[in-house]
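Once you've looked at the hints, dock chain B against the given chain A.
Sequence lines, in order, name chains A and B.
Under the working numbering, the first residue of the first sequence carries the number 37, and numbering increases by one thereafter.
Under the working numbering, the first residue of the second sequence carries the number 37, and numbering increases by one thereafter.
These are computed hints drawn from the structure, not numbers from a lab.
In this text, all values refer to a predicted model and were calculated from it rather than measured experimentally.
Just so you know, nobody snuck in bad clues.
Computed beta-carbon distance windows for the label pairs:
#, chain 1, residue 1, chain 2, residue 2, range
1, B, Arg358, A, Ala399, 25 to 33 Å
2, A, Ala399, B, Gly102, 42 to 50 Å
3, B, Pro419, A, Pro138, 54 to 62 Å
4, B, Glu136, A, Ser131, 54 to 62 Å
5, B, Ala97, A, Pro332, 45 to 53 Å
6, A, Ser433, B, Gly339, 35 to 43 Å
7, A, Pro332, B, Arg54, 49 to 57 Å
8, B, Leu77, A, Arg358, 50 to 58 Å
9, B, Ala490, A, Pro270, 37 to 45 Å
10, B, Phe378, A, Lys489, 53 to 61 Å
11, B, Ile424, A, Pro270, 39 to 47 Å
12, A, Val277, B, Ile424, 56 to 64 Å
13, A, Phe375, B, Pro367, 28 to 36 Å
14, B, Ala422, A, Asp368, 47 to 55 Å
Facing chain B, a subset of chain A residues (Cβ under 8 Å, in silico):
#, residue
15, Ala343
16, Leu346
17, Asp383
18, Leu385
19, Lys386
Some residues of chain B that are not near chain A, with every Cβ distance over 10 Å (derived):
#, residue
20, Ser59
21, Glu86
22, Arg93
23, Leu139
24, Glu313
25, Arg330
26, Arg370
27, Leu401
28, Glu495
We treat Cβ as the ideally placed atom computed from N, Cα and C, and that holds for glycine.
Read off the chains here:
Protein chains: 2
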Amino acid sequence: MSQEPEFSPIAELAPLLRAGSLSPVTLCERILDRIHRHDGLLESYIHVSESALDQARRAEAEIRSGAWRGPLHGVPIAIKDNSFTADMPTTAGTSAPGIEFPLVDSAVAERLRAAGAVLIGKTRTHEFAWGTITPPTRNPWRQDRIPGGSSGGSGAALAAGLCLAATGSDTGGSVRIPASFCGVVGLKPTFGRISRRGIVPHSWSLDHPGPLTRSVADAAILLGVMAGYDPADPGSRDIPVPDYAEAVGGGVSGLRVAVIRNHFFERNQPAVDQAVEAAIGWFADEGARVHEARIPSLEYGLGAIFAIELSSSTAYHDASLRAGRSAGFAPDVRRLVQFGRFVTGADYLKAEQFRHVLMNDYARLFETADVVLGPTEPITAPPIGADIVALGPHRESALAATWRLTYPYNLTGLPAITLPCGFDDEGLPIGLQIAGRPFDEPTVLRAAAAYEKAHAWHEQRPRI
Amino acid sequence: MSQEPEFSPIAELAPLLRAGSLSPVTLCERILDRIHRHDGLLESYIHVSESALDQARRAEAEIRSGAWRGPLHGVPIAIKDNSFTADMPTTAGTSAPGIEFPLVDSAVAERLRAAGAVLIGKTRTHEFAWGTITPPTRNPWRQDRIPGGSSGGSGAALAAGLCLAATGSDTGGSVRIPASFCGVVGLKPTFGRISRRGIVPHSWSLDHPGPLTRSVADAAILLGVMAGYDPADPGSRDIPVPDYAEAVGGGVSGLRVAVIRNHFFERNQPAVDQAVEAAIGWFADEGARVHEARIPSLEYGLGAIFAIELSSSTAYHDASLRAGRSAGFAPDVRRLVQFGRFVTGADYLKAEQFRHVLMNDYARLFETADVVLGPTEPITAPPIGADIVALGPHRESALAATWRLTYPYNLTGLPAITLPCGFDDEGLPIGLQIAGRPFDEPTVLRAAAAYEKAHAWHEQRPRI
Numbered sequence: 037m038s039q040e041p042e043f044s045p046i047a048e049l050a051p052l053l054r055a056g057s058l059s060p061v062t063l064c065e066r067i068l069d070r071i072h073r074h075d076g077l078l079e080s081y082i083h084v085s086e087s088a089l090d091q092a093r094r095a096e097a098e099i100r101s102g103a104w105r106g107p108l109h110g111v112p113i114a115i116k117d118n119s120f121t122a123d124m125p126t127t128a129g130t131s132a133p134g135i136e137f138p139l140v141d142s143a144v145a146e147r148l149r150a151a152g153a154v155l156i157g158k159t160r161t162h163e164f165a166w167g168t169i170t171p172p173t174r175n176p177w178r179q180d181r182i183p184g185g186s187s188g189g190s191g192a193a194l195a196a197g198l199c200l201a202a203t204g205s206d207t208g209g210s211v212r213i214p215a216s217f218c219g220v221v222g223l224k225p226t227f228g229r230i231s232r233r234g235i236v237p238h239s240w241s242l243d244h245p246g247p248l249t250r251s252v253a254d255a256a257i258l259l260g261v262m263a264g265y266d267p268a269d270p271g272s273r274d275i276p277v278p279d280y281a282e283a284v285g286g287g288v289s290g291l292r293v294a295v296i297r298n299h300f301f302e303r304n305q306p307a308v309d310q311a312v313e314a315a316i317g318w319f320a321d322e323g324a325r326v327h328e329a330r331i332p333s334l335e336y337g338l339g340a341i342f343a344i345e346l347s348s349s350t351a352y353h354d355a356s357l358r359a360g361r362s363a364g365f366a367p368d369v370r371r372l373v374q375f376g377r378f379v380t381g382a383d384y385l386k387a388e389q390f391r392h393v394l395m396n397d398y399a400r401l402f403e404t405a406d407v408v409l410g411p412t413e414p415i416t417a418p419p420i421g422a423d424i425v426a427l428g429p430h431r432e433s434a435l436a437a438t439w440r441l442t443y444p445y446n447l448t449g450l451p452a453i454t455l456p457c458g459f460d461d462e463g464l465p466i467g468l469q470i471a472g473r474p475f476d477e478p479t480v481l482r483a484a485a486a487y488e489k490a491h492a493w494h495e496q497r498p499r500i
Numbered sequence: 037m038s039q040e041p042e043f044s045p046i047a048e049l050a051p052l053l054r055a056g057s058l059s060p061v062t063l064c065e066r067i068l069d070r071i072h073r074h075d076g077l078l079e080s081y082i083h084v085s086e087s088a089l090d091q092a093r094r095a096e097a098e099i100r101s102g103a104w105r106g107p108l109h110g111v112p113i114a115i116k117d118n119s120f121t122a123d124m125p126t127t128a129g130t131s132a133p134g135i136e137f138p139l140v141d142s143a144v145a146e147r148l149r150a151a152g153a154v155l156i157g158k159t160r161t162h163e164f165a166w167g168t169i170t171p172p173t174r175n176p177w178r179q180d181r182i183p184g185g186s187s188g189g190s191g192a193a194l195a196a197g198l199c200l201a202a203t204g205s206d207t208g209g210s211v212r213i214p215a216s217f218c219g220v221v222g223l224k225p226t227f228g229r230i231s232r233r234g235i236v237p238h239s240w241s242l243d244h245p246g247p248l249t250r251s252v253a254d255a256a257i258l259l260g261v262m263a264g265y266d267p268a269d270p271g272s273r274d275i276p277v278p279d280y281a282e283a284v285g286g287g288v289s290g291l292r293v294a295v296i297r298n299h300f301f302e303r304n305q306p307a308v309d310q311a312v313e314a315a316i317g318w319f320a321d322e323g324a325r326v327h328e329a330r331i332p333s334l335e336y337g338l339g340a341i342f343a344i345e346l347s348s349s350t351a352y353h354d355a356s357l358r359a360g361r362s363a364g365f366a367p368d369v370r371r372l373v374q375f376g377r378f379v380t381g382a383d384y385l386k387a388e389q390f391r392h393v394l395m396n397d398y399a400r401l402f403e404t405a406d407v408v409l410g411p412t413e414p415i416t417a418p419p420i421g422a423d424i425v426a427l428g429p430h431r432e433s434a435l436a437a438t439w440r441l442t443y444p445y446n447l448t449g450l451p452a453i454t455l456p457c458g459f460d461d462e463g464l465p466i467g468l469q470i471a472g473r474p475f476d477e478p479t480v481l482r483a484a485a486a487y488e489k490a491h492a493w494h495e496q497r498p499r500i
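Pulled out of the complex, with its shape left as it was, chain A reads as follows (with noise of 0.2 Å):
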């Protein structure tokens, strides 16, 4: 074990919990204590689960005699708060008046408790996912500085050691922000790979369950279990989950790595590209075969993730908009999904046939390419109330910049991961951001890894 077991990757943990010498309950409760001690200014969590040590005793009961259900057996791990849990109340993040939410899991939950996950609580989410500041949560590593979102409970718990794992959603970034600006890995996989039962919706062809990790070991855990084809969720796919525990550990020799210019480089803070350009500099030391590209129609992907991301959450939320429960959301929140009615059908599919042109784009780019290569932010994270984020010489939209690199790969559904790839002067966490193939998940967790290994900038931790 490289440091306290709270901020141990769960691959190293988990032998010693099935071996006995870590025991689920000590674990329990050493994490319950961090949250006692920290989230009271963090405020990470909005719910903590009373049932936590009971889990952890069952777990440890379990391993004792001999059932070990896999490496999350007995390990703490949050669930966003904007997906169903049957032990546990969710709110979405919203306090308006009228809206309720069953007791019930989400197929996340569901998946993660049979394989022996302690569900530890509930973190915090933006309003219905519908921004990326998360409040009132705190990023751990300046605690002036927002946790990003909408999974921003879940990014500052897990930076804080007060969670091994957490789950997200991810409809323009809600996943990779958070734990791009909290120094974590972050995986939106593939459209289709997750099922979103018994996730609130927030748009239904954008939406993306995924985890936030210590490490991508964990990340290819996390995916290992909440994987799978749902029925009930109508965007699931029927496609065979592959062990993604393998694909970690392979090199990046001879891996065909693009690097698209426009779009990803064009107004980042000047510590981000600094980080990045060093890790495409390693993978091109390492042997893979690093080639620049370039996507044009990007330039038009924001009117587009706005039209449709504005119309589906105005679809969902337009029975709450009728009766007058909108009147309860928080401003921002608020605002959008008024803003939704604006956008015309006709905006909608003009959209969607852009989504398509971007598809198409990127399916030719992956004809001579494995994976792409790019930052996940173009800035750390910034200030907490700040609307206007400065980018070197630019100023841009808090909300417009932080979702501005990591929409691409919901638009097209294709699976992305973010890890730490370096600090800014004031010690922020920087994201390199790895994106592959349809169901490509094993190249992109490999090419992940073997960049995380030799730079094990997950072993930094923030100072709380």
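Just chain B, lined up with the frame of chain A:
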């Protein structure tokens, strides 16, 4: 040959053409002569091919040389004027300045041409296929009546013996409406069965090409030629094309027939109800297992198809709207294209969600049924200029009435055929609609052919 060749089914003419006892040139001359004599009044064609006789001579030479291409070889077939043809101009029914279409063959024209058909002319369509009247075309059965639309030229030309078959396209009923009003057979196959390459789009997710023919056997012949995968149409499905001609000939004993009693029998003209009930009785008498069913969700269908059709049409015409070219559209079509801007993206998505509900309701119905029987139209062909039609004691917008019973099979994409099942007191034809499972055109054709053989309504012809 039961009648003059221009009123005979292709299935009867083909052996004569093949054997040389009927000359394609003679046949073409007779058709051209009829067009010359009658189309001044009917206005079913917007363009008659100048090369028709050349095409017929080439067919005759090929057949004589033993290179018979199949049952359409040397047969004059008309193409709806929204489908591109390399040798004839396409207008899609518009005279708006600034709108032009290329001189290339649509997939439908290409396939019919390759099968040896003589492409005799372009039949009129309601402008951009957005309507069910097809001005200025007249119904051959009574010239003060509309032919239906939008494939009204195809219906009128075929009924009047001005072609042997014609193509159409069907977004809310545009093949079946004119076929029903003109007393011919019209087949809208499953979504994805016939390529739409080179057909001016109306609503991508609702558009279906299909044939209008004199008999069910002829519909099987044309479908066999027109069907097949085409990667150039994103909606095209790569599913083998069965031998449809083989399907025509079986009986209906044991066939499970559902009759949806709501929606399809609520506001029909008495003559329509009477003719359709008689047809249902015939199926029961022949040993089909007829049962009654209800699909309550159909109540919401009109709102759904309007939201989808308006959004899609307005997205297609967006450039014309912005450039002011829509000022040249006919007032009814311009109004619909402009109205499309008031449909929100959220409305569009809710309509698509409804569509899935309806598809699932039909899928459940087809667990215990092989086909669904009902009327094609609640009315017979209304008078030219009538905006409101009478249905017994009810009054309804002509547009709403004409597509009320056809659009469910556009929303669901299910195959549906119309064939004559009687005449009202004014001598106007009534259509029987038979729908089936996705890609189960063989069963639909078998049921239709059995009914047709026992009744021979299709041997009636208008007095012009």
